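Visitor: Chains as they are written, first to last, in the numbering used here: chain A, 1 to 140; chain B, 1001 to 1140; chain C, 2001 to 2080; chain D, 3001 to 3080.
Note that these hints are calculated values from the structure, not bench results. As the structure is a prediction and not an experimental result, all values here were calculated from the model. Ideal Cβ positions, reconstructed from N, Cα and C, are used throughout, including at glycine. Where hints are given, some of them may not hold.
As the list claims (entries may be wrong) - Calculated pairs, EDC-like style, for lysine to aspartate or glutamate (alpha carbon to alpha carbon, straight line, at most 16 Å):
#	chain 1	residue 1	chain 2	residue 2
1	D	Lys3057	D	Asp3069
2	D	Lys3057	A	Glu11
3	D	Lys3057	A	Glu55
4	C	Lys2002	C	Glu2067
5	B	Lys1118	B	Asp1024
6	C	Lys2057	B	Glu1064
7	B	Lys1126	B	Glu1050
8	A	Lys112	A	Glu68
9	A	Lys126	A	Glu52
10	A	Lys86	A	Glu11
11	C	Lys2057	B	Glu1127
12	C	Lys2057	B	Asp1063
13	B	Lys1126	C	Asp2013
14	A	Lys126	D	Asp3069
15	D	Lys3057	A	Glu64
16	B	Lys1086	B	Glu1050
17	A	Lys118	A	Glu64
Claimed, not checked - Footprint (simulated), chain B over chain A, 3 or more residues, beta carbon under 8 Å:
#	segment
18	5-13
19	55-62
Said to hold, decoys possible - Computed Cβ-Cβ distance ranges for the label pairs, DEER-style:
#	chain 1	residue 1	chain 2	residue 2	range
20	A	Ser20	B	Glu1050	41 to 49 Å
21	B	Ser1071	C	Gly2016	41 to 49 Å
22	D	Gly3032	A	Ser20	49 to 57 Å
23	C	Glu2046	A	Ser40	55 to 63 Å
24	D	Glu3023	B	Ile1021	38 to 46 Å
25	B	Glu1017	A	Gly132	33 to 41 Å
26	A	Asn39	C	Glu2046	52 to 60 Å
27	C	Glu2046	A	Ala101	47 to 55 Å
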Amino acid sequence: MQNNFFRLTGEPLSEAEARSIIQDPTCGALVLFLGTVRNSSQGSMVHHLEFEAYEPMVFAVLDEIANELRSEFGVMKVLLFHRLGKVCVGETAVIAAVSSAHRLAAFQATEKLMNRLKQSVPIWKKEFTANGAIWVTPNP
Amino acid sequence: MQNNFFRLTGEPLSEAEARSIIQDPTCGALVLFLGTVRNSSQGSMVHHLEFEAYEPMVFAVLDEIANELRSEFGVMKVLLFHRLGKVCVGETAVIAAVSSAHRLAAFQATEKLMNRLKQSVPIWKKEFTANGAIWVTPNP
Amino acid sequence: MKITILFFGVAQDMAGVRQTTLELQAGCTVGGLRSELAKLFVGMDETLAYALAVNEKLSIDNQVLVEGDVAAVLPPVSGG
Amino acid sequence: MKITILFFGVAQDMAGVRQTTLELQAGCTVGGLRSELAKLFVGMDETLAYALAVNEKLSIDNQVLVEGDVAAVLPPVSGG
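Isolated chain A (complex conformation) (with noise of 0.2 Å):
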């Protein structure tokens, strides 16, 4: 599906490039959330992250959920690029960007698209903290 964007990468992530991908003349609201890596977690120092994904399997799911936007929501395009390895306090571990007429949708659309990555796209990340390195459960 050509409107549809997804990227895991090992390389920075640019909030500008993702701007132009989704920009489209007949959309006039567009809206982007940067996840970026937090100097905390549960009151211990964090000191990278270091994330690992199914890699096929994700795309897999991301056209499943992009297509559920589509339909639910009416977005035109939607963005997904994920960091994979490892991501340093205050870098952009992912970016979730979708392009619709009207804001409403926009903003609806990005919101599921982030809680559907939390929930079901096969990536894991493992939190390094002064306290050792552990693999990050969901919360219940």
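Here the structure of chain A is known, so what remains is to put chains B, C and D in place on it, guided by the hints.
Guide: Only chains B, C and D this time, still in chain A's reference frame:
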């Protein structure tokens, strides 16, 4: 308030600049909304827009809105950049951006910032289309 | 007394200028200014549903104006 | 029959490897593979609540595995 970043300008707006301004080491979530000029409005081809503002009131009203957002959602930094004067199709007329520890607050606050902008910030838009130029009346 | 009036958005087209000065009777209220504007400018009446700011603050109709006040005619906003 | 098993996230720590090959009886189901994994690796049991993908698609426990299948142990995800 040093965590508010408001600007009215005739120059192009940069999402990369907005992002670097709202970034904060305690914030894992940055939401940026970009309002861009569409190529049509109610069936007419749009050539360009022009914006004007009652500038001192814009900043006073935005300060109030940011205080509301901070007390309602606990967000950190609040940014609103708006173009004045002529803005062409495809250009960004407005950037709204919010940083927060967690993503739900950032999404809700950015959406509310845009709603409040469209309700009560003294900025007016004139549309230049094939059918002439008109001051836009908000939808009831 | 002299009051400066600023016009924004469609009110600018109705007034034909961005700014003017009106001579009003001492003690004139914001409501009185609204009546004056409706007489002077076609369309600047209750059909426009505009707000009036005085010295950069939203006003209410029984607020009394004083010499040197700056009033602004603010039609429904349409930013974003 | 030989089945390739991939381990992700915390399952990687439990298995001590990213990938291995298991020899299973012909006709073994996904549920049977789960029992095998629980015997082989400490913690890889019902307390982990992992999904099993077979050939990059989520599976159900009564799905029958065949020679050459690639199964992936997917603990609860934590991207973003």
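Visitor: Now, for every hint given, state plainly whether the structure supports it.
Guide: Outcome of the hint check:
1. D:Lys3057 with D:Asp3069: holds (11 Å)
2. D:Lys3057 with A:Glu11: violated (28 Å)
3. D:Lys3057 with A:Glu55: Roughly 12 Å separates the two Cα atoms, so the pair holds.
4. C:Lys2002 with C:Glu2067: holds (5 Å)
5. B:Lys1118 with B:Asp1024: violated (27 Å)
6. C:Lys2057 with B:Glu1064: Since the Cα atoms of lysine 2057 of chain C and glutamate 1064 of chain B sit roughly 13 Å apart, the hinted pair holds (cutoff 16 Å).
7. B:Lys1126 with B:Glu1050: Since the Cα atoms of lysine 1126 of chain B and glutamate 1050 of chain B sit roughly 5 Å apart, the hinted pair holds (cutoff 16 Å).
8. A:Lys112 with A:Glu68: Distance of about 10 Å is within 16 Å: holds.
9. A:Lys126 with A:Glu52: With a Cα-Cα distance of about 8 Å, the restraint between lysine 126 of chain A and glutamate 52 of chain A holds, given a limit of 16 Å.
10. A:Lys86 with A:Glu11: holds (10 Å)
11. C:Lys2057 with B:Glu1127: violated (28 Å)
12. C:Lys2057 with B:Asp1063: Holds: lysine 2057 of chain C and aspartate 1063 of chain B sit about 13 Å apart, inside 16 Å.
13. B:Lys1126 with C:Asp2013: holds (11 Å)
14. A:Lys126 with D:Asp3069: Outside the cut-off at roughly 28 Å; violated.
15. D:Lys3057 with A:Glu64: Between lysine 3057 of chain D and glutamate 64 of chain A the Cα gap is close to 13 Å, so the pair holds against 16 Å.
16. B:Lys1086 with B:Glu1050: Given that 16 Å is the threshold and the Cα spacing comes to 4 Å, the pair holds.
17. A:Lys118 with A:Glu64: Distance ~15 Å between lysine 118 of chain A and glutamate 64 of chain A Cα, so the pair holds.
18. 5-13: violated (count 0)
19. 55-62: violated (count 0)
20. A:Ser20 with B:Glu1050: 41 to 49 Å: Since serine 20 of chain A and glutamate 1050 of chain B have Cβ atoms about 25 Å apart, the given range 41 to 49 Å is violated.
21. B:Ser1071 with C:Gly2016: 41 to 49 Å: holds (43 Å)
22. D:Gly3032 with A:Ser20: 49 to 57 Å: Holds - the Cβ-Cβ distance for glycine 3032 of chain D and serine 20 of chain A, about 50 Å, lies within 49 to 57 Å.
23. C:Glu2046 with A:Ser40: 55 to 63 Å: Given range 55 to 63 Å: holds, Cβ gap about 56 Å.
24. D:Glu3023 with B:Ile1021: 38 to 46 Å: 58 Å Cβ-Cβ, so the 38 to 46 Å window is violated.
25. B:Glu1017 with A:Gly132: 33 to 41 Å: Holds, since glutamate 1017 of chain B and glycine 132 of chain A (Cβ atoms, about 38 Å apart) stay within the stated range.
26. A:Asn39 with C:Glu2046: 52 to 60 Å: holds (56 Å)
27. C:Glu2046 with A:Ala101: 47 to 55 Å: violated (33 Å)
When each numbered hint is compared with the structure, violations occur for hints 2, 5, 11, 14, 18, 19, 20, 24 and 27.
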